[in-house]
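Participant: Assemble the whole structure, with the sequences as input and the hints as a guide.
For the record, the sequence lines run as chains A, B, C and D.
Each step along the first sequence adds one to the number in this note's numbering, with nothing skipped, and position 67 is 77.
Each step along the second sequence adds one to the number in this note's numbering, with nothing skipped, and position 45 is 55.
Each step along the third sequence adds one to the number in this note's numbering, with nothing skipped, and position 92 is 102.
Each step along the fourth sequence adds one to the number in this note's numbering, with nothing skipped, and position 67 is 77.
These are computed hints drawn from the structure, not numbers from a lab.
Be aware that a few hints might be false.
Take a look, some chain B residues computed to stay more than 12 Å from chain C by CB distance [unchecked claim]:
(1) 26
(2) 43
(3) 44
(4) 45
(5) 73
(6) 94
(7) 97
(8) 113
Derived DSS-like pairs: lysine-lysine, alpha-carbon spacing no greater than 25 Å straight-line [unchecked claim]:
(9) 84/B with 76/C
(10) 76/A with 40/B
(11) 91/D with 40/B
(12) 40/C with 91/A
(13) 40/A with 40/C
(14) 76/D with 109/A
(15) 40/A with 103/A
(16) 84/B with 40/D
(17) 103/C with 91/C
(18) 76/D with 40/C
(19) 84/A with 76/D
(20) 76/B with 40/A
(21) 84/C with 84/B
(22) 40/A with 76/C
(23) 40/D with 76/A
(24) 91/C with 40/A
(25) 76/C with 40/D
(26) 40/C with 84/A
(27) 40/D with 40/B
(28) 84/D with 84/A
(29) 76/D with 91/A
(30) 103/D with 84/D
(31) 103/D with 76/A
(32) 76/C with 76/B
(33) 109/D with 76/A
(34) 76/B with 103/C
Note that this is a predicted model, so its numbers are computed, not measured.
By construction, the Cβ of each residue, glycine as well, lies at the ideal position given by its N, Cα and C atoms.
There are 4 protein chains.
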Amino acid sequence: MTQDQQYREFIDASLECMNACNYCYVSSLKEYELASLRDCIRLVRECADICMFTADALSRGTIFAKEIMELCAKACEACAKECSQHEHDHCQKCADACKRMIELSCVHSA
Amino acid sequence: MTQDQQYREFIDASLECMNACNYCYVSSLKEYELASLRDCIRLVRECADICMFTADALSRGTIFAKEIMELCAKACEACAKECSQHEHDHCQKCADACKRMIELSCVHSA
Amino acid sequence: MTQDQQYREFIDASLECMNACNYCYVSSLKEYELASLRDCIRLVRECADICMFTADALSRGTIFAKEIMELCAKACEACAKECSQHEHDHCQKCADACKRMIELSCVHSA
Amino acid sequence: MTQDQQYREFIDASLECMNACNYCYVSSLKEYELASLRDCIRLVRECADICMFTADALSRGTIFAKEIMELCAKACEACAKECSQHEHDHCQKCADACKRMIELSCVHSA
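Facilitator: What follows is the structure in structure tokens.
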């Protein structure tokens, strides 16, 4: 099994999470109650960046897989915590994608 | 239909292509006949970067979608041309993923 | 002269512009009149991404230099247009950094 | 002092290191003794990516500054160790830029 295959599930989840975060970012910037979403906007955008970086690094077999996955899990935790406070559908979906990442992260670090 | 949905197929193909390019990159660097793969290594790595950038930008509804997709199609053309010259399985698969991108690009620019 | 040296000025300006855009992004998200800055927030963040991608690609001698610099100039034009409409110091500085990029871009495409 | 200013020195060093790594990457791929540079090529390219990601994240005031700087320092350590084994000028310069990052990292984590 190549390193790429070993991390396949994590890579796919990272890309899903990146998509959910980017969608939440764009949608949040269109919401009427923009002021309440300042932290959300920053966090989902940052989480999207970190997920993308993670997927890219893992797919080329980075030797820093452990560290990068830990960073990604931390970003997803912060993002899930923030987004789960907002009732918008895009926030709830983003929180779900982040929670999936945290689960997978636990499997890998176990 | 959101911009995200409109470009969904292109985003998914970009991520597939990024994976194929990254796999070809890592595999090429392990090949015995390394010297014949100099251009291949550089091109697949660059194509991977551009595909990732494209997927990320499209998934957050970039207003530069047309320009970015054109750049991505150019990178995929150059990469497909290079990789199809090499018999390695990873090169052939990378060329296939790139050709798929070129097809999709034609649909969008039509 | 290596390709890296040839593009040195453009790379440095891209990194300056990335910094100005990122600073404007963070500052805009803290402003009281957030609603008037929706487009600004999205554009400066996107321009930052494109500038970073441009600097990275040029510094490793991309064969797509022309296309990437054109994309970057377009992003800087849109960003300069948006930011120059806002009186905030961070917006004005961001607009200035973008205008510098447009000037350099004209030199290279001349 | 803003977070951006606080990390200014680290950001500038990251961008310098990214440049040195990218230059080493491109130059290594042109060397005659390519086979001896397999690890070098992969590591400098990865280090360049991580440095760029670090500079970008710090310049927009990431809340994960500590984790990202630690990851960056680890990448620079591995890259410095590898590059200092090769006599090529581009490898030596890359190793120097990486060592500068490790020093700065120690200051910040102290």
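Participant: Give a verdict on every hint.
Facilitator: For each hint, the structure was consulted:
1. Every CB of chain C lies more than 12 Å from the CB of residue 26/B, the least distance being 20 Å, so the non-interface label holds.
2. Consistency note on residue 43/B: stated as away from chain C, and its beta-carbon is indeed over 12 Å from all of that chain's, at 22 Å minimum.
3. With 12 Å as the threshold on Cβ separation, the claim that residue 44/B sits away from chain C holds: the shortest Cβ distance comes to roughly 19 Å.
4. With a minimum CB-CB distance of about 19 Å to chain C, residue 45/B clears the 12 Å threshold, and the non-interface call stands.
5. Listed as a non-interface residue, residue 73/B fails to keep its Cβ farther than 12 Å from every Cβ of chain C; the least gap is roughly 7 Å.
6. Residue 94/B, annotated as away from the interface, keeps every beta carbon of chain C farther than 12 Å; the closest lies near 17 Å.
7. Here residue 97/B stays apart from chain C, with its beta-carbon at least about 23 Å from theirs, past the 12 Å limit.
8. The beta carbon of residue 113/B sits about 20 Å from the closest Cβ of chain C, which is more than 12 Å, so the claim that it is off the interface holds.
9. Restraint check: the Cα-Cα separation between residue 84/B and residue 76/C comes to about 12 Å, which is no more than 25 Å; the hinted pair holds.
10. As the CA atoms of residue 76/A and residue 40/B are separated by approximately 22 Å, the hinted pair is consistent with the 25 Å bound.
11. This hinted pair checks out: residue 91/D and residue 40/B have alpha carbons roughly 20 Å apart, not beyond 25 Å.
12. The straight-line distance between the Cα atoms of residue 40/C and residue 91/A is roughly 20 Å, inside the 25 Å bound, and the hint therefore holds.
13. A hinted pair counts as satisfied when its Cα atoms are at most 25 Å apart, and residue 40/A with residue 40/C qualifies at roughly 17 Å.
14. For the hint linking residue 76/D to residue 109/A, the alpha-carbon distance of about 23 Å falls within 25 Å, and the restraint holds.
15. For the given pair, residue 40/A sits about 17 Å from residue 103/A by alpha-carbon distance, which is consistent with the 25 Å threshold.
16. A threshold of 25 Å between alpha carbons decides the hint, and for residue 84/B with residue 40/D the separation of about 24 Å falls inside it, so the pair holds.
17. A hinted pair counts as satisfied when its Cα atoms are at most 25 Å apart, and residue 103/C with residue 91/C qualifies at roughly 12 Å.
18. Restraint check: the Cα-Cα separation between residue 76/D and residue 40/C comes to about 22 Å, which is no more than 25 Å; the hinted pair holds.
19. A hinted pair counts as satisfied when its Cα atoms are at most 25 Å apart, and residue 84/A with residue 76/D qualifies at roughly 12 Å.
20. With a CA separation close to 22 Å, the supplied pair residue 76/B and residue 40/A stays within the 25 Å bound.
21. Straight-line distance between C-alpha atoms of residue 84/C and residue 84/B comes to about 18 Å, which keeps the hinted pair within the 25 Å bound.
22. Between the alpha carbons of residue 40/A and residue 76/C the distance comes to roughly 34 Å, so the proposed pair goes past 25 Å and is violated.
23. Restraint check for residue 40/D and residue 76/A: not satisfied, since their Cα atoms lie roughly 32 Å apart, outside the 25 Å limit.
24. The suggested pairing of residue 91/C with residue 40/A holds, with an alpha-carbon distance near 20 Å, which does not exceed 25 Å.
25. Our distance criterion of 25 Å between C-alpha atoms is met by residue 76/C and residue 40/D, whose separation comes to about 22 Å.
26. Under the criterion of a C-alpha separation no larger than 25 Å, the hint pairing residue 40/C with residue 84/A is consistent with the structure, at around 24 Å.
27. At most 25 Å may separate the alpha-carbon atoms for a hinted pair to count; residue 40/D and residue 40/B meet this at roughly 17 Å.
28. Only pairs whose Cα atoms come within 25 Å are accepted, and residue 84/D paired with residue 84/A is accepted, the gap being roughly 18 Å.
29. Of the supplied pair hints, the one linking residue 76/D and residue 91/A holds, its CA atoms being roughly 20 Å apart against a limit of 25 Å.
30. Distance restraint check for residue 103/D and residue 84/D: the Cα-Cα separation of roughly 18 Å lies within the 25 Å cut-off, and the hinted pair is therefore satisfied.
31. Using a Cα cut-off of 25 Å, the hinted pair residue 103/D and residue 76/A is violated, with the two alpha carbons roughly 28 Å apart.
32. This hinted pair checks out: residue 76/C and residue 76/B have alpha carbons roughly 16 Å apart, not beyond 25 Å.
33. At most 25 Å may separate the alpha-carbon atoms for a hinted pair to count; residue 109/D and residue 76/A meet this at roughly 23 Å.
34. A C-alpha spacing of about 28 Å is found between residue 76/B and residue 103/C, which places the hinted pair above 25 Å, so the restraint is violated.
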